[in-house]
Amino acid sequence: MATLNLHPIRLSIIGTPVVGQEVEVRVLIGHPMETGYRLGLDGNERIPKNIIESVVIKLNQDPIMQATLGTGIAANPLLSIFVKVPPQGGVISIEWRDDQGLQGRAEKLIAVA
Amino acid sequence: MMQSKVLKRSLLKGFAVLLATPYFKGSWASSINNDYTQKNLQSLPIKKEGVTIDLPPLADTGNSIPMNLLIQAPAQRRIQSFEIIAPENPNPMVMKITLPQMQSSYRLSTRIRLALSQDVWVIVQLDDGSKIGQSLHCVVTLNACFDAT
Amino acid sequence: MKFLFALLLILLGFFCDLAFADQTRQSGNAFLSPEMLKQQNDPSMNPVSLWVDQGQELFKANCQECHQSVGTITKAVVQFPKWGEGKSSLGQLINIEDQIATCYSKKTGKQLVNDDASILSLSIFLSDAARGLKIHVQEPTDPKVKAQWQNQMNLGAQIYTQRQGRLNLSCTQCHDQRIGKNLRSEIISPAYVTGFPIYRQSWQAIGSVDRRLRACYSGVQATVPASASSELRALELFLKKRSEGMLWEGPSLRR
Chain A
0 MATLNLHPIR
10 LSIIGTPVVG
20 QEVEVRVLIG
30 HPMETGYRLG
40 LDGNERIPKN
50 IIESVVIKLN
60 QDPIMQATLG
70 TGIAANPLLS
80 IFVKVPPQGG
90 VISIEWRDDQ
100 GLQGRAEKLI
110 AVA
Chain B
0 MMQSKVLKRS
10 LLKGFAVLLA
20 TPYFKGSWAS
30 SINNDYTQKN
40 LQSLPIKKEG
50 VTIDLPPLAD
60 TGNSIPMNLL
70 IQAPAQRRIQ
80 SFEIIAPENP
90 NPMVMKITLP
100 QMQSSYRLST
110 RIRLALSQDV
120 WVIVQLDDGS
130 KIGQSLHCVV
140 TLNACFDAT
Chain C
0 MKFLFALLLI
10 LLGFFCDLAF
20 ADQTRQSGNA
30 FLSPEMLKQQ
40 NDPSMNPVSL
50 WVDQGQELFK
60 ANCQECHQSV
70 GTITKAVVQF
80 PKWGEGKSSL
90 GQLINIEDQI
100 ATCYSKKTGK
110 QLVNDDASIL
120 SLSIFLSDAA
130 RGLKIHVQEP
140 TDPKVKAQWQ
150 NQMNLGAQIY
160 TQRQGRLNLS
170 CTQCHDQRIG
180 KNLRSEIISP
190 AYVTGFPIYR
200 QSWQAIGSVD
210 RRLRACYSGV
220 QATVPASASS
230 ELRALELFLK
240 KRSEGMLWEG
250 PSLRR
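Protein chains in written order, with numbering that gives the first Met the number 0: chain A, 0 to 112; chain B, 0 to 148; chain C, 0 to 254.
Next comes chain A alone, as it looks inside the complex:
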């Protein structure tokens, strides 16, 4: 019986990777990015803060981008960068960590013909 994944993630490679050229890597993470400022339904208590604080993107295990996120990033964050395709292609991976200690990761193969 499958239970719901609290933080789904979708990693996409946009277009066809060509060695030596840049290819767009897009990641969509399911996370409420709760700011801690919103009031709950009763209008009295604030919904506790819960945001992704750090995102690391690696290409073949080498970190190529490290991001520190604040409350100013929209819910269900979208991050899109361009990566130069190495010869033989490679594996792009993304890891995130939030302020509650939860983590998530995804990886995808940048395949070259």
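These are computed hints drawn from the structure, not numbers from a lab.
Some hints could be false.
Taking CB as the label site, the calculated pair distances span [as the list claims (entries may be wrong)]:
id, chain 1, residue 1, chain 2, residue 2, range
1, C, Pro-42, A, Ile-46, 24 to 30 Å
2, C, Thr-171, B, Leu-141, 22 to 28 Å
3, C, Pro-42, A, Ala-110, 15 to 21 Å
4, A, Thr-15, C, Gly-70, 29 to 35 Å
5, B, Ser-104, C, Pro-42, 24 to 30 Å
Straight-line alpha carbon distances no greater than 27 Å define the calculated DSSO-like cross-link-like pairs of lysine-lysine that follow [stated by the list, open to error]:
id, chain 1, residue 1, chain 2, residue 2
6, B, Lys-95, A, Lys-57
7, C, Lys-180, C, Lys-81
8, C, Lys-81, C, Lys-37
9, A, Lys-57, A, Lys-83
10, C, Lys-59, C, Lys-106
11, C, Lys-37, A, Lys-107
12, B, Lys-95, A, Lys-48
13, C, Lys-133, C, Lys-240
14, C, Lys-59, A, Lys-107
15, B, Lys-95, B, Lys-130
16, A, Lys-107, B, Lys-95
17, C, Lys-109, C, Lys-74
18, C, Lys-37, A, Lys-83
19, C, Lys-143, C, Lys-74
20, C, Lys-59, C, Lys-81
21, A, Lys-83, B, Lys-4
22, A, Lys-57, B, Lys-130
23, C, Lys-133, C, Lys-81
24, B, Lys-7, A, Lys-83
25, C, Lys-240, C, Lys-143
Stretch-level coverage of chain A by chain B, calculated; a stretch enters the list once three of its residues show a Cβ under 8 Å from a Cβ in chain B [as the list claims (entries may be wrong)]:
id, region
26, 66 to 76
27, 93 to 102
Even for Gly, the Cβ is constructed at its ideal location relative to N, Cα and C.
Use these hints to put chains B and C onto chain A, whose structure you have.
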């Protein structure tokens, strides 16, 4: 003897005052949120070149505004890190990106939240310690209807 | 003679309107800004995709055993709300989320509310698979039930045309008489039900027709009915019938 002591004291006082001034703090460009006010950002020594911000002039909603960035470092320079700053947000530091492998150009897309209409700033730290940057105004309107759900 | 001529023109206009109905009825997608349309049409950017993926996982694990493939049940999306036939829903109108919750509880033993992420994920997965189907709300065949169903339809129509709340507005005043006009920076749409559940940016979450209707009540500052109340089901039935013949567009992105 007395005079040199007085001189020492006034010199020390002078240094203490200098350390306490906001200008000194601002020029370190630390990521302490208090420093990211519109006024401070406007007074930072940033070259307004090489950074293109693509942000809608009128946002559909303050909750999610698509933003595209293109950064081109000047010749021979490399991008070390950059920050997206929204000075009127409760937490002005929207996102800070660090590049472990410095690059001469960079593109990024994301979606940001803006509490109200403001200038959105992108400040880039180059490998020689200098900064380039840009700001773009975005208007945010309140939702039409109150939603209690 | 003049009067008869005028009457003929009015009748012609009325029938012409009906004949071209599908071409003039616009879904909410026609009222989205270019930025939002771009995000909606690209599954790698659209937050809804996260729930489509979730729904697919849940369907494989819980529903495939009985329903084989999602294609066999997508017509439910364009036919609900229906008159309940099961033990728990006998004698009342149920919508697609109610039906999913009933099935889910039958399979897993867990009784979930319609707003639960699992139910909404499954609804989104179903909705996505039903793209392109024509909305077709059907009358029940049983004559006893037919009369009750018609009552609910009439109730829905009555709620739609009745002024409510502190703002003293009826649904028809905006959604029929002021289509295309501005409400602050938003443009009023005719409010056809062609693409639910939605990811609403002001909620920063997904929600069903039920939640969206409750938000409308809140918008005119009327007392918000409880989720799953019969008032909301009657209104949903009427709104679905009003969208009869339009193409289903799958789960949508909205402000």
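Hints, verified against the model:
{"no.": "1", "hint": "C:Pro-42 to A:Ile-46: 24 to 30 Å", "in the structure": "holds (29 Å)"}
{"no.": "2", "hint": "C:Thr-171 to B:Leu-141: 22 to 28 Å", "in the structure": "holds (25 Å)"}
{"no.": "3", "hint": "C:Pro-42 to A:Ala-110: 15 to 21 Å", "in the structure": "holds (20 Å)"}
{"no.": "4", "hint": "A:Thr-15 to C:Gly-70: 29 to 35 Å", "in the structure": "holds (30 Å)"}
{"no.": "5", "hint": "B:Ser-104 to C:Pro-42: 24 to 30 Å", "in the structure": "holds (28 Å)"}
{"no.": "6", "hint": "B:Lys-95 to A:Lys-57", "in the structure": "holds (17 Å)"}
{"no.": "7", "hint": "C:Lys-180 to C:Lys-81", "in the structure": "violated (33 Å)"}
{"no.": "8", "hint": "C:Lys-81 to C:Lys-37", "in the structure": "violated (34 Å)"}
{"no.": "9", "hint": "A:Lys-57 to A:Lys-83", "in the structure": "holds (12 Å)"}
{"no.": "10", "hint": "C:Lys-59 to C:Lys-106", "in the structure": "holds (13 Å)"}
{"no.": "11", "hint": "C:Lys-37 to A:Lys-107", "in the structure": "holds (24 Å)"}
{"no.": "12", "hint": "B:Lys-95 to A:Lys-48", "in the structure": "holds (19 Å)"}
{"no.": "13", "hint": "C:Lys-133 to C:Lys-240", "in the structure": "holds (12 Å)"}
{"no.": "14", "hint": "C:Lys-59 to A:Lys-107", "in the structure": "holds (23 Å)"}
{"no.": "15", "hint": "B:Lys-95 to B:Lys-130", "in the structure": "holds (14 Å)"}
{"no.": "16", "hint": "A:Lys-107 to B:Lys-95", "in the structure": "holds (24 Å)"}
{"no.": "17", "hint": "C:Lys-109 to C:Lys-74", "in the structure": "holds (25 Å)"}
{"no.": "18", "hint": "C:Lys-37 to A:Lys-83", "in the structure": "holds (25 Å)"}
{"no.": "19", "hint": "C:Lys-143 to C:Lys-74", "in the structure": "holds (25 Å)"}
{"no.": "20", "hint": "C:Lys-59 to C:Lys-81", "in the structure": "holds (25 Å)"}
{"no.": "21", "hint": "A:Lys-83 to B:Lys-4", "in the structure": "violated (63 Å)"}
{"no.": "22", "hint": "A:Lys-57 to B:Lys-130", "in the structure": "holds (26 Å)"}
{"no.": "23", "hint": "C:Lys-133 to C:Lys-81", "in the structure": "holds (16 Å)"}
{"no.": "24", "hint": "B:Lys-7 to A:Lys-83", "in the structure": "violated (58 Å)"}
{"no.": "25", "hint": "C:Lys-240 to C:Lys-143", "in the structure": "holds (20 Å)"}
{"no.": "26", "hint": "66 to 76", "in the structure": "holds (count 10)"}
{"no.": "27", "hint": "93 to 102", "in the structure": "violated (count 0)"}
Going down the numbered hints, you'll see the structure goes against 7, 8, 21, 24 and 27, while the others check out.
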